[in-house]
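Novice: If you want the building blocks of each chain, they are given just below.
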Amino acid sequence: MENQTALLKKLKDLVGEAHISTHKADLLPYMRDSYTNLMNREAALPDCVLMPRSTEEIQQIVLLANEYKVPVYPRSFGVNIAGSAIPYQGGIVLDLKAMNQIFEVNEDTLTATIEPGVCWGQLRKAARKKAMDIIPIIGPYQTSPVGNYLLTNITAYSSRYSMDRAVTLEVVLPNGEILRTGSQATEIGAEVNPYFRYSYGPDLTGLFRGSMGNYGIITKMVIRLRPLAEVEKNLYFAFKELKPALKAIQRIERLEISRTVMLQNKHFTVHCLLSPEDLKDPAAKEEALRSLPDFVLAVGIGGKARQAALYEEMLGEEIRSSGGETLSLPDAFKQSLDEVQEGAGQKILRMFAPFSGYAAVIGCVPITSAENVYRRVQEIVAKFDLKDSITDDPLQHELLVVPYDRCSSVYVEQELLYDPLDIDNMEKVKACLRECYKVIVTEYGAVHTIPNRRLLERVVPGYAAILRGIKTMVDPNGILLPGGPYSI
Amino acid sequence: MLADYKEDIYHCLKCGACRTAFQAYTPICPSGFQYGFDSYYAIGRVDLARAVLEDRLAIDAEVMRRIYSCTSCGGCDEQCNPAVGISPLRIIEAFKHQAIEKGLIPPEVRDFLKGLQVHGNPYLEPSDERGRWAEGTPLESYSDQDYLFYVGCVGSYDERGQGLARTVGELLQSGGLSFGILGNREICDGNEANRVGERGLFEFLATHNIELFRELGIRKVVALSPHGFHAMKNDYAKWDAGFEVAHYTQILQAQVRKGSLRPRNRLEVKATFHDPCFLGRHNAEFEAPRFLLKSIPGLELIEMDRNRRNSFCCGGGGGNFFTDMIGSGVRSPSRVRVREAVDTGAEVLAVACPNCRNMLEDAVKAEGLEDRLQVRDVAHLLAQAVGVRDRGHP
Ligand SMILES: Cc1cc2nc3c(=O)[nH]c(=O)nc-3n(C[C@H](O)[C@H](O)[C@H](O)COP(=O)(O)OP(=O)(O)OC[C@H]3O[C@@H](n4cnc5c(N)ncnc54)[C@H](O)[C@@H]3O)c2cc1C
Ligand code: SF4
Ligand code: SF4
Chain A
1 MENQTALLKK
11 LKDLVGEAHI
21 STHKADLLPY
31 MRDSYTNLMN
41 REAALPDCVL
51 MPRSTEEIQQ
61 IVLLANEYKV
71 PVYPRSFGVN
81 IAGSAIPYQG
91 GIVLDLKAMN
101 QIFEVNEDTL
111 TATIEPGVCW
121 GQLRKAARKK
131 AMDIIPIIGP
141 YQTSPVGNYL
151 LTNITAYSSR
161 YSMDRAVTLE
171 VVLPNGEILR
181 TGSQATEIGA
191 EVNPYFRYSY
201 GPDLTGLFRG
211 SMGNYGIITK
221 MVIRLRPLAE
231 VEKNLYFAFK
241 ELKPALKAIQ
251 RIERLEISRT
261 VMLQNKHFTV
271 HCLLSPEDLK
281 DPAAKEEALR
291 SLPDFVLAVG
301 IGGKARQAAL
311 YEEMLGEEIR
321 SSGGETLSLP
331 DAFKQSLDEV
341 QEGAGQKILR
351 MFAPFSGYAA
361 VIGCVPITSA
371 ENVYRRVQEI
381 VAKFDLKDSI
391 TDDPLQHELL
401 VVPYDRCSSV
411 YVEQELLYDP
421 LDIDNMEKVK
431 ACLRECYKVI
441 VTEYGAVHTI
451 PNRRLLERVV
461 PGYAAILRGI
471 KTMVDPNGIL
481 LPGGPYSI
Chain B
1001 MLADYKEDIY
1011 HCLKCGACRT
1021 AFQAYTPICP
1031 SGFQYGFDSY
1041 YAIGRVDLAR
1051 AVLEDRLAID
1061 AEVMRRIYSC
1071 TSCGGCDEQC
1081 NPAVGISPLR
1091 IIEAFKHQAI
1101 EKGLIPPEVR
1111 DFLKGLQVHG
1121 NPYLEPSDER
1131 GRWAEGTPLE
1141 SYSDQDYLFY
1151 VGCVGSYDER
1161 GQGLARTVGE
1171 LLQSGGLSFG
1181 ILGNREICDG
1191 NEANRVGERG
1201 LFEFLATHNI
1211 ELFRELGIRK
1221 VVALSPHGFH
1231 AMKNDYAKWD
1241 AGFEVAHYTQ
1251 ILQAQVRKGS
1261 LRPRNRLEVK
1271 ATFHDPCFLG
1281 RHNAEFEAPR
1291 FLLKSIPGLE
1301 LIEMDRNRRN
1311 SFCCGGGGGN
1321 FFTDMIGSGV
1331 RSPSRVRVRE
1341 AVDTGAEVLA
1351 VACPNCRNML
1361 EDAVKAEGLE
1371 DRLQVRDVAH
1381 LLAQAVGVRD
1391 RGHP
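Sequences listed follow chains A and B, in order. Everything in the first sequence is counted per the numbering used here, starting at 1 for the first residue and increasing by one. Everything in the second sequence is counted per the numbering used here, starting at 1001 for the first residue and increasing by one.
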């Protein structure tokens, strides 16, 4: 108790009274997210929440946390929807929203330098002023590129830009040291050339991708942008079946002309199109579903006008020879799909509507396994007799497929929606989710992009030893993000 | 009560869209911006509501500071509703109501309500002085004219509000509107009482107004303040109010359109417009004030990034104009807003609400921007352009 009082006093002196709170009402909102709601995971009440303003403040906080052996839980916007920023063991919540500066938007290097409190939308706005754009997630605008890098990096831009948008980082390690990765590693590099990732041996920037924050607190990130083309266009194609749609993705990828690629089943598409209110109306939803093909393949292209025209023609040929056809949509529908396809939109939040309850089955597999993974989840959902929360009909789950790195792998996300107020159903959803994972992991070798503890038990010992060894080295007192499902 | 909103509370995605305006990509929640912690944003307030429902948190005055600093601006609903489908503001207002019912409110709110209960207005002024604002004007008492011009507490008692009421009255008259005023017979519209959760007092005031209007045969009302306009248009409906209500910018727009008011005098000025939450976001009236500004010869209208549905509240809603639970300082919404206005290059920050005007004018002083930015109501600018005697602007 005495220790806690002393620590809190030092923290208050450090960040200033306005940027620290110990009031229960200020702490409670950091203790839950939609994942912990599903899993009923409890967190301890933190000692305090801090809103630091600078790298130096964060460094001092981390040193104090080591001195007093208190856990620290950093979060940018806390919207990981995976329970990964929750203070499972109490301690200090570091709310990084106030560190929201964009230091630079550089047309020459096609990069921006940002703090963790910068959201995708804010960065997009700054980039567009200079005829560039972000390489965003499919997800919403109000979350951060930094949190996203630490998390998963799922983007419809995967084929062209891969998963990695980070170039170099500034990080406060949990032992209090400051690390700068890539060409930032030297003083002069940090000052005039922070733009090269692959410097000085192994890729330390990459170490942080998918680390969930376990290895350090990112305080600055140089992130790739993309040039805005003269013409930017989204094309939509209809498929009756999944197999030819997947085939079409492979063929399109071989052309190496697409900017974004995303395949959806109509149960995902309908959520992007309808308002939450309409989604509650069975007749409105049924009508929209009837107007949609079973699978929608969205492809983004860009370039000079001549280039774009040619690309469109070439894509059309591939689609037709794969058994698909061009999908024409009413303007409002097209706008909504464009927003989702281009990423960092608002409509994507509807994917969990109308009740916000979801259980995500996620795995990366070779494209040849994608159909089986979908069918198996369909079978398991039927076996568990999951029901649609509005109509009580059998649940039709959502499917989203995104190819990575020219289709060497595809990201397959399937969402089981439920109403969190229906507790019995929620228990069924949980059991179904477990079985889905068991099947896709053991039968298809599906991999996730983040270090879930259970999955880490399956990897060869050396793999886990490296991840844990690094953790022990940089975080000897285990102060950063302990006790969660992704703690290393 | 909060239990009535259990579904919305449990359907919150914890997505944080309520913090940032889509497409403007700037902060949308004034209290969240001021204090930073999630408990001052809708995302956190909904969580606190859930904690109260689950007996994990007891309501007290300190907890309610987080709730009362909400200005009822509706910025969160604007982001949340089309995407997730809930209305965090309804939850927040139910929270306030629950605290009132249990008597667990901060002293600032208690004092405001006490003043309103005892004096019938938050200025603690005698009710027989309510009509003094109109002294020396040619405005008539309501008898059987087409419209009632309802000026509310700010228009009746606040010095700057009184000036605005006089100017709007003059303009309406010049435009040929048949209307009268209630003077000392007018009573508070109750909007702020409702917004702080004192639903009993609101019902008392609303039903008294409805009765009075019925007695006098009033079928149409033109309101000075967007706050009163909002209450009468939306919240009075449940008592079957039986009258129409317009905001004064809407009536003036019609008068300019049909040519009964002619803005002829040039005003060579760059102006930007601050959408009042209770006119814009809550009632979707974005164009009437802009139409009036654009009708003024020489006036160049520049938009701030946050405009229309994404306008950033001045901090004066939800009772904060009187209780100031949102607090002051460089991050206070009114100061943020005037800095934003100056950044557009505008010399005039135009408003269409007496509360916004006071909040923003005070902020201009606090920021030391008097040389660069003037806050002026659309009515004062129009009066100048039309050549109507402006009895309000100093
Ligand atoms: C509807 C919806 C759709 C989504 N779609 C996608 C998608 O398509 N692709 C995708 O990749 N994600 C998606 N997400 C997940 C998530 O919102 C994004 O990845 C987002 O960018 C995360 O940012 P954040 O600021 O909320 O991260 P946070 O939740 O704040 O952080 C993520 C993790 O990193 C840690 N952390 C955060 N900041 C720091 C820091 N500076 N230093 C150290 N550790 C830190 C946190 O403790 C946490 O473990 C989606 C979410 C929603 C609600
Ligand atoms: S209130 Fe709405 S916008 Fe805010 S977190 Fe909850 S669901 Fe998201
Ligand atoms: S109504 Fe305005 S102040 Fe209140 S929570 Fe919503 S955005 Fe914030």
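Any given hint could be a false lead.
[Stated by the list, open to error] Computed far set for chain A versus chain B, every beta-carbon distance over 10 Å:
1. A18
2. D95
3. Q122
4. P140
5. P276
6. E277
7. K280
8. D294
9. E313
10. Q335
11. K347
12. L349
13. A353
14. Y404
[As the list claims (entries may be wrong)] With a cut-off of at most 35 Å between alpha-carbon atoms, the simulated DSBU-like pairs for lysine-lysine come out as follows:
15. A/K69 <-> A/K129
16. B/K1102 <-> B/K1006
17. B/K1006 <-> A/K430
18. A/K12 <-> B/K1270
19. B/K1006 <-> A/K129
20. B/K1006 <-> A/K24
21. A/K129 <-> B/K1365
22. A/K334 <-> A/K24
23. A/K383 <-> B/K1006
24. B/K1365 <-> A/K280
25. B/K1365 <-> A/K125
26. A/K334 <-> B/K1294
[Claimed, not checked] Label pairs and their calculated CB-CB ranges:
27. A/K233 <-> B/D1343: 55 to 63 Å
28. A/K387 <-> B/P1107: 27 to 35 Å
29. A/L14 <-> B/G1327: 31 to 39 Å
30. A/G201 <-> B/R1372: 34 to 42 Å
31. B/G1327 <-> A/I423: 16 to 24 Å
32. A/M1 <-> B/A1058: 48 to 56 Å
33. B/P1107 <-> A/P476: 32 to 40 Å
34. A/P330 <-> B/R1185: 30 to 38 Å
35. A/T22 <-> B/R1372: 56 to 64 Å
36. A/N452 <-> B/K1365: 49 to 57 Å
37. B/R1056 <-> A/K438: 48 to 56 Å
38. B/K1270 <-> A/M1: 24 to 32 Å
None of these hints come from the bench; they were simulated from the model. Glycine included, C-beta positions come from ideal geometry on N, C-alpha and C.
Novice: Taking the minimum C-beta separation from A/L349 to chain B, is that value above 10 Å?
Specialist: 4 Å, violated
Novice: Run the C-beta distances from A/P276 to all of chain B and say if the shortest one exceeds 10 Å.
Specialist: 3 Å, violated
Novice: With respect to the beta-carbon atoms only, verify the hint that A/M1 and B/A1058 lie 48 to 56 Å apart.
Specialist: The hint (48 to 56 Å, Cβ to Cβ) is violated, given that A/M1 and B/A1058 are roughly 22 Å apart.
Novice: Taking the beta carbons of B/G1327 and A/I423, is their distance inside 16 to 24 Å?
Specialist: Between B/G1327 and A/I423, where Cβ atoms are some 40 Å apart, the hint is violated.
Novice: When you check the alpha-carbon spacing of B/K1365 and A/K280, does it fall within 35 Å?
Specialist: Status violated; Cα separation ~50 Å.
Novice: Does the alpha-carbon distance linking B/K1006 and A/K430 stay inside the 35 Å limit?
Specialist: 22 Å, holds
Novice: For the pair supplied as a hint, A/K129 and B/K1365, confirm whether the alpha-carbon distance does not exceed 35 Å.
Specialist: At roughly 32 Å apart (the allowed maximum being 35 Å), B/K1365 and A/K129 satisfy the hint.
Novice: Would the pair B/K1006 and A/K24 pass a check requiring their Cα atoms to be no farther apart than 35 Å?
Specialist: The hint holds at about 21 Å.
Novice: In this structure, is the beta-carbon distance linking A/N452 and B/K1365 contained in 49 to 57 Å?
Specialist: 56 Å, holds
Novice: Please check whether A/K233 and B/D1343 have a Cβ separation lying inside 55 to 63 Å.
Specialist: With a Cβ separation near 34 Å, A/K233 and B/D1343 fall outside 55 to 63 Å, so the hint is violated.
Novice: For A/Q122, which was marked as not at the interface, is the minimum beta-carbon distance to chain B over 10 Å?
Specialist: 5 Å, violated
Novice: Lying within 32 to 40 Å: is that true of the beta-carbon distance B/P1107 to A/P476?
Specialist: For A/P476 against B/P1107, whose Cβ atoms are near 49 Å apart, the range 32 to 40 Å is violated.
Violation of the numbered hints given earlier is confined to hints 1, 2, 3, 4, 5, 6, 7, 11, 12, 13, 15, 18, 19, 22, 24, 27, 28, 29, 30, 31, 32, 33, 34, 35, 37, 38; the remaining hints are satisfied by the structure.
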